[in-house]
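Undergrad: Listed here are the chains, written in short residue letters.
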Amino acid sequence: MKVIKIDKNEWASGLEKLRSAYELIGPVKEKFYHAFQPLESGQQPDMDYINTRVSPKYVIYPQSELILECSLNENDEDYKIYKEPEKEYTPKAILGIRPCDADSFSLVRRNFDTEEYKDPYWLRAYEATTFVGLACDQPCPTCFCSSAGSGPYSDSNLDILLADNGDHYLARVLTEKGEKLAAAAGWSQDAGDEADQQIDQKKQEAESAIQSRVNTDKLASQSLLDLYEATDAIWEKEAFSCINCGTCTFVCPTCWCFDVQDEVSGKKGYRIRNWDSCMYPLFTLHASGHNPRGTKVDRLRQRFMHKLKYYVDKYENGIQCTGCGRCVQLCPVNIDIRRICNMLNSYDPESCTCEVTAS
Amino acid sequence: MKSYTDKIKEIAKRLLKEDKVDMVIGYRKGTVPLMHQPFFATSEGEVDSFVWDSNCGLNLANYITDRKERIGIVATGCNSRNIAVHVVEGKIQRDQLYIIGIPCQGMVDRHKLAAMAEGNIASVEEDEDKGTITISGQGFSKSVDKAEVLQENCSICVHRNPVLCDELVADEVTEQTREQADPYARVREIEAMSPDDKWAHFDDLLSDCIRCYACRNACPLCYCPQCFVDESNPQWVGKSVDPTDIRTFHLLRAYHCAGRCTDCGACVRSCPVGINVRDFTKKLEKDCLELYGWEAGLNTEQRPPLDTYKPEDPEDFIK
Numbered sequence: 001m002k003v004i005k006i007d008k009n010e011w012a013s014g015l016e017k018l019r020s021a022y023e024l025i026g027p028v029k030e031k032f033y034h035a036f037q038p039l040e041s042g043q044q045p046d047m048d049y050i051n052t053r054v055s056p057k058y059v060i061y062p063q064s065e066l067i068l069e070c071s072l073n074e075n076d077e078d079y080k081i082y083k084e085p086e087k088e089y090t091p092k093a094i095l096g097i098r099p100c101d102a103d104s105f106s107l108v109r110r111n112f113d114t115e116e117y118k119d120p121y122w123l124r125a126y127e128a129t130t131f132v133g134l135a136c137d138q139p140c141p142t143c144f145c146s147s148a149g150s151g152p153y154s155d156s157n158l159d160i161l162l163a164d165n166g167d168h169y170l171a172r173v174l175t176e177k178g179e180k181l182a183a184a185a186g187w188s189q190d191a192g193d194e195a196d197q198q199i200d201q202k203k204q205e206a207e208s209a210i211q212s213r214v215n216t217d218k219l220a221s222q223s224l225l226d227l228y229e230a231t232d233a234i235w236e237k238e239a240f241s242c243i244n245c246g247t248c249t250f251v252c253p254t255c256w257c258f259d260v261q262d263e264v265s266g267k268k269g270y271r272i273r274n275w276d277s278c279m280y281p282l283f284t285l286h287a288s289g290h291n292p293r294g295t296k297v298d299r300l301r302q303r304f305m306h307k308l309k310y311y312v313d314k315y316e317n318g319i320q321c322t323g324c325g326r327c328v329q330l331c332p333v334n335i336d337i338r339r340i341c342n343m344l345n346s347y348d349p350e351s352c353t354c355e356v357t358a359s
Numbered sequence: 001m002k003s004y005t006d007k008i009k010e011i012a013k014r015l016l017k018e019d020k021v022d023m024v025i026g027y028r029k030g031t032v033p034l035m036h037q038p039f040f041a042t043s044e045g046e047v048d049s050f051v052w053d054s055n056c057g058l059n060l061a062n063y064i065t066d067r068k069e070r071i072g073i074v075a076t077g078c079n080s081r082n083i084a085v086h087v088v089e090g091k092i093q094r095d096q097l098y099i100i101g102i103p104c105q106g107m108v109d110r111h112k113l114a115a116m117a118e119g120n121i122a123s124v125e126e127d128e129d130k131g132t133i134t135i136s137g138q139g140f141s142k143s144v145d146k147a148e149v150l151q152e153n154c155s156i157c158v159h160r161n162p163v164l165c166d167e168l169v170a171d172e173v174t175e176q177t178r179e180q181a182d183p184y185a186r187v188r189e190i191e192a193m194s195p196d197d198k199w200a201h202f203d204d205l206l207s208d209c210i211r212c213y214a215c216r217n218a219c220p221l222c223y224c225p226q227c228f229v230d231e232s233n234p235q236w237v238g239k240s241v242d243p244t245d246i247r248t249f250h251l252l253r254a255y256h257c258a259g260r261c262t263d264c265g266a267c268v269r270s271c272p273v274g275i276n277v278r279d280f281t282k283k284l285e286k287d288c289l290e291l292y293g294w295e296a297g298l299n300t301e302q303r304p305p306l307d308t309y310k311p312e313d314p315e316d317f318i319k
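If you read the protein sequences in the order shown, they are chains Y and F.
With this note's numbering applied, the first sequence closes on residue 359, and no number is skipped along the way.
With this note's numbering applied, the second sequence closes on residue 319, and no number is skipped along the way.
You may find that some hints are simply not true.
Unchecked claim - Computed beta-carbon distance windows for the label pairs:
1. E84/Y with S143/F: 54 to 60 Å
2. V356/Y with E179/F: 44 to 50 Å
3. A115/F with D200/Y: 32 to 38 Å
4. Q96/F with E205/Y: 42 to 48 Å
5. M47/Y with S194/F: 35 to 41 Å
6. D95/F with Y310/Y: 41 to 47 Å
7. Q96/F with Y310/Y: 34 to 40 Å
8. S194/F with K118/Y: 17 to 23 Å
9. S141/F with D48/Y: 18 to 24 Å
10. D66/F with S351/Y: 32 to 38 Å
11. S207/F with S106/Y: 30 to 36 Å
12. S49/F with Y310/Y: 27 to 33 Å
13. E205/Y with S194/F: 53 to 59 Å
14. T65/F with G289/Y: 19 to 25 Å
What the hints assert, rightly or not - From chain Y, some residues computed to sit far from chain F (all C-beta separations above 10 Å):
15. N9
16. F32
17. E40
18. Y89
19. D113
20. A125
21. E127
22. K203
23. A220
24. G246
25. D336
Rather than coming from a laboratory, the hints here were simulated on the basis of the structure.
Glycine residues also receive a C-beta, built at the ideal position from the N, C-alpha and C atoms.
All chains, full assembly: derive it from the sequences and hints.
TA: Laid out in structure tokens, this is it:
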């Protein structure tokens, strides 16, 4: 695997060269905090950012996405016949994405890219995107990536991993897509024989700086029904403060559920898919009026059982979470997935008790 | 705020022991800084988790809607006013409640502190005697006067003491007068804008909204079994992030709160993207005061002005 050295002054000029071939997206400081945004000409990503509030999942999977459209003009031949809108999937590069956020796309892919179903919108956008990751040297107190199947230097879903090394980046070029982007930017300086070792050293330091973790070792062997039925020991108390807003699901990089809506504007009909949230009563409301998840306890249990048990059992590939900590930081009522994960992991159905550790 | 915490625990234990209530609603210490968690205790052992300091900024009236139990509830000035609104609107019976009153000294603004920090805040210390808040994290530590980092609604609050309570945890605090607090300064600034500037202001205000509905769901007034934005037959509002639909949601929600909002700030506090939702509600509060001499939640008898009709109601704003 090739490691190249990118001087920080070459970084900016390289990005300018990329613009003709890629739409660039990176972290920029907005009013109060950072967000991933398309970078306008001359605009640089703020590589000193810690993390964004809303995850970059929207780049591949927009919060509202037009999937079909039709004419509502009776004189048209294709009146009311829904068709795919013409969309260009121009190459994009997400610059400075954190490894946890990049890993989240691998998790989401398990849903959108299966043998049975392939989601064309998600896949086309994903395939058109090159992921240039920025390793995380200053993890937040709420970061628990290294115990959630990811890590501050995880590169399993990146095309290039950048490690900040003072006046330059050490860049591990991991895929063909990565090579293509580095070549287009004109970054080719060999980083030397010790670069790999340097990155590994930094990786160890970053991993040891992570103070927060979750225990997941027993989740797979726990009985699904025991956890589901742990109403008194876990669910009722933990759900009390929940206000059933969609913050956790909307800031989460791995939540993938959507709702499909038809809208009309003038003489055109639009079929739009919007992010949905299992926290909303409407999410499971049947046409009959019956709601199988009629209470907030049901809905909170669903969110955590999905992430920490159903997903674990179905895919046998860890939890549906990369430990980015956004929901922990932004839940308005302090529902903490670390606490709940540890409760589920340690639940003892005999005594109906579990250990409570927050982080 | 150890004295408050101790007193809350003492009262809660007594209420549970004497079987005066089935549950006591308060806060337990959060797992992250600046964020305590609404929590209920049904046993004396659980009461030991209760905490009180400047990070108890959600409105606990949100948690009593339509409950059938006998409830002990910790309540500040604004929380007690929302409890009064709940009683007026039939969402809880007064005699179901034992209100543990908190003479409130204001909550700190977590968004403001996060913006001041040079990195992520790992811990927060409050020095009650000096009136300071110290935030620290990797490589930084910063002390600020609590007065500077109060939530805006707290800094202009004129009802810090509970208006409705069964027992206070401490002596009442001194109230600011309306002249001292000047609560509508920001509303006047917006009122003075040209229509174009106003449009631009509200456009910018809502530009980050992700429609998570945290503002609505954190609000004790928003207890409708089905919100108008969730209705599908007929469907009033689209569900995408179209700016018109987002505006419609915020404007209509604000109007539904007119004359009922106590400016508790839960909407702003809960917003994950830092939208000052109070720019809508505060204007309606000002209008209700000026047009009807009305402040929400000061008693448990009177219905809010937009819910009643009087021959002398002003009508010169009807065009």
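Undergrad: For each hint, tell me whether it holds in the structure or not.
TA: Against the structure, the hints come out as follows:
1. E84/Y with S143/F: 54 to 60 Å: With Cβ atoms ~58 Å apart, the hint holds.
2. V356/Y with E179/F: 44 to 50 Å: holds (49 Å)
3. A115/F with D200/Y: 32 to 38 Å: holds (35 Å)
4. Q96/F with E205/Y: 42 to 48 Å: With a Cβ separation near 56 Å, Q96/F and E205/Y fall outside 42 to 48 Å, so the hint is violated.
5. M47/Y with S194/F: 35 to 41 Å: With Cβ atoms ~39 Å apart, the hint holds.
6. D95/F with Y310/Y: 41 to 47 Å: holds (44 Å)
7. Q96/F with Y310/Y: 34 to 40 Å: holds (38 Å)
8. S194/F with K118/Y: 17 to 23 Å: About 52 Å separates the Cβ atoms of S194/F and K118/Y, which means 17 to 23 Å is violated.
9. S141/F with D48/Y: 18 to 24 Å: holds (20 Å)
10. D66/F with S351/Y: 32 to 38 Å: This hint holds: roughly 33 Å between Cβ atoms.
11. S207/F with S106/Y: 30 to 36 Å: Given a distance of about 31 Å, which is inside 30 to 36 Å, the answer is holds.
12. S49/F with Y310/Y: 27 to 33 Å: holds (30 Å)
13. E205/Y with S194/F: 53 to 59 Å: holds (55 Å)
14. T65/F with G289/Y: 19 to 25 Å: Between T65/F and G289/Y, where Cβ atoms are some 21 Å apart, the hint holds.
15. N9: Fine: 25 Å to the nearest Cβ keeps N9/Y off the interface.
16. F32: Non-interface label fails for F32/Y: nearest chain F Cβ at 5 Å, not farther than 10 Å.
17. E40: holds (16 Å)
18. Y89: Holds: least Cβ distance 20 Å, greater than 10 Å.
19. D113: At roughly 24 Å from the nearest Cβ of chain F, D113/Y sits farther out than 10 Å, so the non-interface label holds.
20. A125: With a cut-off of 10 Å, A125/Y remains clear of chain F, as the shortest Cβ separation is near 17 Å.
21. E127: holds (24 Å)
22. K203: holds (18 Å)
23. A220: holds (25 Å)
24. G246: violated (4 Å)
25. D336: Contrary to the label, D336/Y does not stay out of reach of chain F, its closest Cβ about 4 Å off (not over 10 Å).
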